[in-house]
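A.B. asks: Using the sequences plus the hints, can you model the full thing?
In case you want the letters, here they are:
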Amino acid sequence: MTADPIVSIAGLNKWYGAFHVLRDIDLDVARGERIVICGPSGSGKSTLIRCINALEEFQEGRIVVDGIALGPNLRHVDQVRREVGMVFQSFNLFPHLTVLENCTLAPIWVRNIPRKDAEAAAMQYLERVRIPEQADKYPGQISGGQQQRVAIARALTMNPKVMLFDEPTSALDPEMVKEVLDTMVDLAKEGMTMIVVTHEMGFAREIANRVVFMDSGQIIEVNTPAQFFEHPRHERTKLFLSQILR
Amino acid sequence: MSEAARSSDFVRTALVPKRPAPVVTTGVIGFLRARMFNSPFNILLTIVSALVLWSLIAPMVKFMLIDAVWHGTDRSACLEANVGHPVGACWPFIQAKFSQFIYGFYPEAQRWRADLTFALGALLLLPLLIPRAPAKKINAALFFAAFPVVAFFLLRGGGMKGFAVHWLADLGNTFAASFRDAGGRLTDAGQAIAAPLGAVGQAVKWFGDAIAYVVWPVAALRDWIDTTAYPFWTDFIITAVAISFLVFFLSGGLRNGWSALAASIATFACIAAVILVMQLDRGGLPPVDTRLWGGLLVTLVVSITGIVASMPVGIALALGRRSTIPLIRIFSVAFIEFWRGVPLITVLFFATYMLPLFLPGDFTIDGLLRVLVGIALFAGAYNAEVIRGGLQAVPRGQAEAAQALGLSYWKTTGLIVLPQALRHVIPGLVNSFIALFKDTTLVLIVAIFDLLGQLRASFADPNWATPTTLFTGFAFTGMIYFVVCFAMSRYSLFVERRLNAHRNA
Chain A
1 MTADPIVSIA
11 GLNKWYGAFH
21 VLRDIDLDVA
31 RGERIVICGP
41 SGSGKSTLIR
51 CINALEEFQE
61 GRIVVDGIAL
71 GPNLRHVDQV
81 RREVGMVFQS
91 FNLFPHLTVL
101 ENCTLAPIWV
111 RNIPRKDAEA
121 AAMQYLERVR
131 IPEQADKYPG
141 QISGGQQQRV
151 AIARALTMNP
161 KVMLFDEPTS
171 ALDPEMVKEV
181 LDTMVDLAKE
191 GMTMIVVTHE
201 MGFAREIANR
211 VVFMDSGQII
221 EVNTPAQFFE
231 HPRHERTKLF
241 LSQILR
Chain B
1 MSEAARSSDF
11 VRTALVPKRP
21 APVVTTGVIG
31 FLRARMFNSP
41 FNILLTIVSA
51 LVLWSLIAPM
61 VKFMLIDAVW
71 HGTDRSACLE
81 ANVGHPVGAC
91 WPFIQAKFSQ
101 FIYGFYPEAQ
111 RWRADLTFAL
121 GALLLLPLLI
131 PRAPAKKINA
141 ALFFAAFPVV
151 AFFLLRGGGM
161 KGFAVHWLAD
171 LGNTFAASFR
181 DAGGRLTDAG
191 QAIAAPLGAV
201 GQAVKWFGDA
211 IAYVVWPVAA
221 LRDWIDTTAY
231 PFWTDFIITA
241 VAISFLVFFL
251 SGGLRNGWSA
261 LAASIATFAC
271 IAAVILVMQL
281 DRGGLPPVDT
291 RLWGGLLVTL
301 VVSITGIVAS
311 MPVGIALALG
321 RRSTIPLIRI
331 FSVAFIEFWR
341 GVPLITVLFF
351 ATYMLPLFLP
361 GDFTIDGLLR
371 VLVGIALFAG
381 AYNAEVIRGG
391 LQAVPRGQAE
401 AAQALGLSYW
411 KTTGLIVLPQ
421 ALRHVIPGLV
431 NSFIALFKDT
441 TLVLIVAIFD
451 LLGQLRASFA
461 DPNWATPTTL
471 FTGFAFTGMI
481 YFVVCFAMSR
491 YSLFVERRLN
501 AHRNA
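Respectively, the protein sequence lines represent chains A and B.
If you're matching positions, the first sequence starts at 1 in my numbering and goes up one per residue.
If you're matching positions, the second sequence starts at 1 in my numbering and goes up one per residue.
Worth flagging that the hints you see were computed from the coordinates, not collected in a lab.
Be a bit skeptical, because a hint or two may be false.
To be verified - Using C-beta positions, here's what the derived DEER-type ranges look like:
1. R498/B x A171/A: 53 to 59 Å
2. D78/A x R498/B: 30 to 36 Å
3. K116/A x A34/B: 55 to 61 Å
4. M123/A x L254/B: 30 to 36 Å
5. W410/B x I68/A: 19 to 25 Å
6. G252/B x R205/A: 48 to 54 Å
7. P40/A x A34/B: 57 to 63 Å
8. E175/A x V23/B: 44 to 50 Å
9. Q124/A x L250/B: 30 to 36 Å
10. K116/A x L250/B: 22 to 28 Å
11. A34/B x M123/A: 50 to 56 Å
12. E175/A x L250/B: 51 to 57 Å
Every residue, glycine too, gets a C-beta built ideally from N, C-alpha and C.
C.D. replies: Rendered as C-alpha cells:
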C-alpha cells in the first residue's frame, strides 16, 4: 500500500464476548492523508478508531502508530496517545474547567509545560478554531458547535500527528454542523493526518483522499471519493449510498 | 378646519372616575393575603400552624428565659421553694460546670494549652474556609499536616527522644524482633505438632533476620548519634540533609531542583523553630494523659480527626471498589462491608477492650488513639459508598477524553473524575459528617467523656441536683450541637453553590 504509513493496522480482530466486532481489518494511512470511514450503525467504525488510541483493547492483530507498536496487550499506550488526538461525538469537554483550562490541562500535566506558556499556546489554538473570546467561559455556557471546536483545539494542544474524529457532527444542530466542518476543513488544508468517522458525505467528497466503507465489522470497500460516490464496486455500498444520498 | 374639529372629538372633558384602590400585593399584608389567607384551606392551615408553633415556642421561651434562674452558687438558687415561682432553666448550673463541659478533667493549670489549640485551629481553619483568603496551599499544608502534630504535642505534652533516624531504626528493629519471635514459636510448635509448620517458622525467622540486616546501617547510625553531644539535633540535621537531598534529586537535580530544595530547607527550619519554641527536644510540656481529656475538647478532637481522616480512606476505598484489579476490588468490598456491617459501639468496644489482648505485652497504643482509628475507618467505609455514587455519576466519556489526551490513570482520576464526583456528593458527605459529629458521643461507652458524657457526669453532683438540672443541661448541649451542625450544613450549601456555578449558568 503506502510507502511510509503513519498508522498501520494489520489483521485486527476484536470480540465483545462472543460478538465479533472487527474482522481482519487491514488499513494503512499515509502521512497527511485524510480518510473518511462510513457505514451503517453497528458496523464497527467507532470501535476501529477507538482501537487506534487504545481506548478499546483488541484480541488479535497489530496497530503501529508512527513506529510505535500497539499489540493486543496494550503496551506503549501512553506513547501512542501522545501522538494521536481524538474528538468525540459527545464532545466530552471537562465541565468543571473553563475552556482555557480544558486546553491547558494536558500540556501542563502531561508535557510539564509551564502554565503561562501553555495558556499562550492554548489561546493560539482557540484563535485557530475562531473562539478565543470564549476562553474564560465554562463548556456549559457555550453552544454545541463551539464546544466541539473547543474539543478540537484541546486535542491540537498536544501537537498530535494524527487526529481521530468519532462522528464529530452527529450530536449537533444542523446549523452548527457547518462551523465544525469548516474547522475540520481548515485543519485538513494545513496537512493534518485525519481519520474521520462521519456521515457528512459532502465533507468526504471535498476533503477525503480515500473513503472506507465498513459493514458488520469488515472493510467492504476502500476507494477515492469520486469513484466511491459515482461508481461503487459493491452491492452493499450501493445500497448504503442509495439510502444515505436522497 | 374640519380636521381640527375631528381631533377635538378625542379631548376628554370630564375627569376619569376614581377606581377602588388596588389590592396590596407587597409587604407583610400583601404576603399574608397572597400566601397565608388566600383560600379556606390555607386559612385553616395557617391557623393550625400558628397554634402548633405557639404551643412549642411559648413554653420554650418561658422555660429558657422567663422562668429561668440566672444567678446562684448551688442548687438552693434553683429550687421552687426559694425562688417563689415555678423554676425554668437553672443557668447557674451551666456557669458552674462550664469549664468541665469544655475541658473535661484536663488539669486546670494546663488548660491554656487546650485554649491555644482551639485558637490555632480556628486561626488556620477560617482562612481555609474563605475562598478569597490567599495562600491556600500553605494554609492547607499547615492545617492538615503541621497542626495535628503541634496539637498532639500541645494537648498531650511530652517531647521527642529522636527524629527520623531513631524512628526508622526502632520501627525496623521492632518488626525484625516480632518476626523472629513469631518464627521461633512456630518452629517450636513445628517440633511438637507437624514438620511443615516448622519450615514455615524457619522462613518467618529468616524474614525477620533479613529485615534486621536491612535495618542494620540505620541502627548503627542511631547508635553513633546517641554518642554525640546533642543526639536529638544530630538526628534532626541528618534527617533534614537526607530528605532535602532526596527532594532536590527527585525534582530535577542541578537543573530545576533548586526551588524544591529551598522549600525543603525552609520547611525543616520551621519544624526546628517549632521544636525549639515547644522545647520538644528537652521533654516538652508536662504530659496530660488522654484519660483526663473530656468535654467539647474530646468531641472536637474525635469528630475533626474522624472527618479529616475518613475522607482519604473513603476515596481510596471507593476507587478500590471500582478497580479492575480483582485483589484490590475484593479487599475494598470486604473492608467496606465489614465496617458497615458492624455497629460503631462494637468497633469502639473492640478497639478499647479486645485489641490490647491481641497485641504483644509491651506494645500499648493510647486509648483515645485506638478510638480515633476505629472511628476513621468506620466513617471511611460509609464515605466510600457515598463517593462511589459520585464516581458513577461521572460519564465514562470524561475519563476517556482525559486518557485520549495522554493523562495517566492517577491524573485522570485526580484532575477529572474525582473533582466532578466529589461535587456531586457534597450533600451526602456533609450528611455523614454531621452524623459522625453527633455519633462521637458513643465514645462514652468506652469511658471517654465527650461533651454529652461530661454533661451526664455532672448530673451526679448532689450540689446541683434540682428538678430542672437535667433539662437545662440538655438544652445547653443541644444548642452547641445545633450551632455546629447548622454551620456545617450552611457552609456546605455555600460550597455547593460556588462549585456548581458552571452548571446553572
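A.B. asks: Each hint: holds or not?
C.D. replies: Hint by hint, here is what the structure shows:
For R498/B and A171/A, the hinted distance range of 53 to 59 Å is not satisfied, since their beta carbons lie about 30 Å from each other. Range check, D78/A to R498/B: Cβ separation about 35 Å, and the 30 to 36 Å hint holds. Range check, K116/A to A34/B: Cβ separation about 56 Å, and the 55 to 61 Å hint holds. The given range of 30 to 36 Å is respected by M123/A and L254/B, whose C-beta atoms sit roughly 33 Å from each other.
Our hint of 19 to 25 Å for W410/B and I68/A holds, since their Cβ atoms are close to 22 Å apart. A C-beta distance of roughly 52 Å is found between G252/B and R205/A, which places it inside the suggested range of 48 to 54 Å. In this structure the supplied range 57 to 63 Å holds for P40/A paired with A34/B, their Cβ-Cβ distance being about 59 Å. About 47 Å separates the C-beta atoms of E175/A and V23/B, a value consistent with the hinted range of 44 to 50 Å.
Separated by about 33 Å at the C-beta atoms, Q124/A and L250/B satisfy the suggested range of 30 to 36 Å. In this structure the supplied range 22 to 28 Å holds for K116/A paired with L250/B, their Cβ-Cβ distance being about 24 Å. Hint check: A34/B to M123/A, Cβ distance near 52 Å, so the stated range 50 to 56 Å holds. Take E175/A and L250/B: their Cβ atoms lie about 53 Å apart, and the range 51 to 57 Å holds.
Comparing the model with each earlier hint shows a violation of hint 1 alone; every other hint is respected.
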